[in-house]
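Colleague: For chain A, the structure is supplied; the task is to place chains B and C on it using the hints.
Here the protein sequences line up with chains A, B and C, keeping their order. The numbers in the working numbering rise by one with no breaks, and the one at position 83 of the first sequence is 83. The numbers in the working numbering rise by one with no breaks, and the one at position 127 of the second sequence is 1127. The numbers in the working numbering rise by one with no breaks, and the one at position 187 of the third sequence is 2187.
FYI, nobody ran anything at the bench for these hints, they're computed from the structure. Ideal placement from N, C-alpha and C gives every residue a C-beta, glycine not left out. Check before you lean on any hint, since a few could be wrong.
Below, a list of computed lysine-lysine pairs in the PhoX-like style, where the Cα atoms sit at most 20 Å apart [claimed, not checked]:
1. B:LYS1037 / B:LYS1023
2. C:LYS2253 / C:LYS2239
3. A:LYS108 / B:LYS1020
4. B:LYS1020 / A:LYS109
5. B:LYS1270 / C:LYS2036
6. B:LYS1011 / A:LYS68
7. B:LYS1023 / B:LYS1012
8. B:LYS1034 / B:LYS1023
9. A:LYS248 / A:LYS280
10. A:LYS109 / B:LYS1023
11. A:LYS68 / B:LYS1270
12. A:LYS248 / A:LYS272
13. C:LYS2281 / B:LYS1038
14. A:LYS201 / A:LYS234
15. A:LYS272 / A:LYS253
16. A:LYS234 / A:LYS253
17. B:LYS1023 / A:LYS108
18. A:LYS280 / A:LYS234
19. A:LYS2 / A:LYS201
20. B:LYS1164 / B:LYS1152
21. C:LYS2281 / B:LYS1037
22. A:LYS201 / A:LYS169
Across the chosen pairs, the derived CB separations fall in these ranges [as the list claims (entries may be wrong)]:
23. B:LYS1037 / A:GLU290: 55 to 63 Å
24. A:GLN208 / C:ARG2124: 53 to 61 Å
25. B:LEU1153 / C:VAL2273: 34 to 42 Å
26. A:LYS210 / C:PHE2092: 51 to 59 Å
27. A:SER135 / B:SER1013: 41 to 49 Å
28. C:ARG2201 / B:LEU1156: 13 to 21 Å
29. B:ARG1057 / C:ILE2261: 48 to 56 Å
Chain B residues, not near chain C, derived (Cβ > 10 Å throughout) [to be verified]:
30. ARG1010
31. LEU1135
32. ARG1189
33. PHE1199
34. PHE1250
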Amino acid sequence: MKPLIVTHHLSRWYGNVLGLSDVSLEIGPGITGLLGPNGAGKSTLLKLITGQIRPSLGQVFIDGQPVKGRAELFFRLGYCPEQDAFFESLTGWQFLYWLLRLHHFSEKKAAERTEEMLNLVELGADGHRPIRSYSRGMRQRLKLAQALAHQPEILILDEPLNGLDPLGKRKMIRLIRDFGREGHLVIVSSHILPEIEALTKQIILIHQGKVFAQGEIHEIRDLIERHPHIVSIKTPNSRRLAALLIEKPYVVKAYFGEKETNLFVETRDRDKFFEFLLEKVVNGEIEVEEITSPDDNLQAVFDYLVGKP
Amino acid sequence: MKQNETLTSRKKSQLSFFFKGVKIIFQFSFFQGKKSKKSRLFALLSFAPIAIALFLRIHQVLSPERSFDGLYFFNNAVLLFIFQFLILVLTLFYGTSVCTEDLEAGTWTYLVTRPIPRPAIVGGKYLASLLLVLLIAGAGLIISFIILNLEKLDDLSLYSYLFKDLGVLSLALMAYTSFFTFLGAAVRRSIFFGLIFSFGWENVIQYFPGSTQRLAIIHYIKSIIPLPSSSRFSFLTFQLEPTKPVYAVFILLGITILFLFLAGVIFVFKEPRAED
Amino acid sequence: MIREHGYTHWDGQLRERRFPWWPITRLNLKLAFRKKHFRPVYALSFLPAFFFIVAIYISERIEDFRFMMRGGRLILFEVNPSFFKNYLAGDFLFFMLVLIMVFAGAGLVADDFRFNALPLYFSRPLRKKDYLLGKAAVIAFFVLTLTVFPAIIFIIFKLLFSGSFVFLRNYPWISLSIIGYSLFLTLFFCFYTLFLSCLSRNSRYVSVIIFAVYLFSDFLYVFLYNWFRQPLLALISIKLNLQQIASFAFGVKAAQPFSWIWSFLVICAFCGVAGYFIIRKIRAVEVIR
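The following block holds chain A by itself, in its conformation from the complex (with noise of 0.2 Å):
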């Protein structure tokens, strides 16, 4: 399918800062996640998309279009920013109206606009409340009403499962499901891995203002695997377990931790590795006082990524 967003070779510096360097994307309808660490620069990337900012070098176009100084193109593009900003004197009925009418949506379709979307971020009731006394949750739902109201092809979300409860979560990304569904073209920021599994398959890894992956996210998942996978295991039969392990054919490494009851394992297969520590466990043979894996984390995914030790 033809890409609606391409980017080319996209740089931009904040001053010295690199913000995001050489990204070259190609994205079509559906939606993609957009995963990387805080300050990867996912929302310069987002910032640049949407013409907010501009490049330092590279080109952004839209359906063919360059972004720059196409406003037109908003008509169809709904943005939803990572920052909690609001006109906070406003209430929210009025902030809708007010962001569909600079949709140059007429007066009454605005005003009946504004109410279903409303009803449908189950901000109905408090639709006539000032923003500045809604919670952190209905701030964000409204800040994904401005953004789908207008009906747009193209949604780009900033980091938009911030601040939710595990139902605001679920509401919110079936919102963003059924919209990627109807064909449309999604961009969700995160840096929360299972957020961004939860709402699409296809993903972008971004970290350092490079990107590293794009693909599904299957592949980046064998990807990781193929790398070994640290853990950490606080025994007094440190020694013991070393000799037992550095055998096996999945085990690269063992190695002591500062103190000799910390054992630190590096492994290609984490799932054969921790049947075989269960085994040893249950049978009396090793006591193990306990285990961590300083890898589960987006962090590591990317150190994985970059070669970093």
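Modeller: Using the frame of chain A, we list chains B and C on its own:
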């Protein structure tokens, strides 16, 4: 031929798209402005001349032996207050807010991701600010004029003064708001530089003879309606060498258009700072 | 093991820090100096001080500068209490002080309101008094460096240039007057700026108000005085009240024909109302334990 027609119609549609944007932004900004607490506080400030006028009236009733010329007092006190203080404070705040307020509050994103050209955002917000300051300052001017000239309200010739003053007030507000809109777009500490300009430059420069005084906006205002000098720089001799009123009107309009255009151009390239 | 990382109120014996407000002051001073254009403005504020030092030099070398004199005396070159009053209550110094307040003072409390920083302050072993002292000390720093500091330098230069202690023998109380009046000025600007900074979350708005109130009081006086010719109307003007008090502090003939006590009372009343408002405003957002 056909190509020319297509080009003209495209230009027309671009213009209508631009003006439609200006109109919606104006409506939205004016709606916000009239609701804001700040506008109410500034409106209170504009009631100062009304309070003074009322006070003088009461004083006149209590001591009728003293002669009272409402028009003289209006020209020498109320206009001085409005032109040398009130409109400077009002336009400084509202003008510098045009390009910076939303940027600082983070609400800028909602405006620039709408199908509205950026210069239209500046234009619409400028017009909304202008209307607000015109209502605030104009109300003070009209009401204090009426209070000070109560007994002569049937004299139609008196209204020519009022309309002239209102006209100059509008021109002054247009020029100052436009200049401060530009300042807000161009420099970071716009309030500070605006204060220096309003209460430093504008005051000091008019005491210099020759063409130097033409570098102040107040010079053109005074060229249309001569105002007495405020006593702040009494060690300097005030010597107005006026520009012809017609020229002054055109120059004030020129200042308005020039700085508004520059503000629009700067706003096209405006971005939130990295730390925002 | 689960460790609780949430915010907890400080609870226990308060280990008295000698100046708990000092970190606030240090931080805000740093922030002020980091602001773009602030340093040149601050430096420019010392311009009158520079001229006054030149004047001291000329006063001691008056014979060499006789060509500059026409007829009568040049009062500025006479270093006496009036010299110090002219410096410490000069229009330009007040103008610069208000500008400095706009720069460094407008956001002191307003920004804390805007970024909801007050609960962060009060979740530490810090009392409201310490918070306000910390903020006030920022203003005090700027006012004092532009008043006491140059004035003391003037005395030192006067003594150096004249090569004798005659000046101090003639006016033994001058140092006390300088310190007393500067402290009073500092107190006024602390209340004035913090009060206005409490009014809004928007520091741009506060900046305009700081300037507008100062100028408005003067404008109002001029208008009313032109009409009523009543000298007591000078009590409306912030500037004239401060100048009236300065005249008393330096034993100089006052510009207004009424007692300095009236001006003193007006300023004290203003500070009292401002103080009450500041305390109420900070109390409203204090953390409830």
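Colleague: Please flag the earlier hints that this structure goes against, numbers listed from lowest up.
Modeller: 1, 14, 24, 28, 29, 32 and 33
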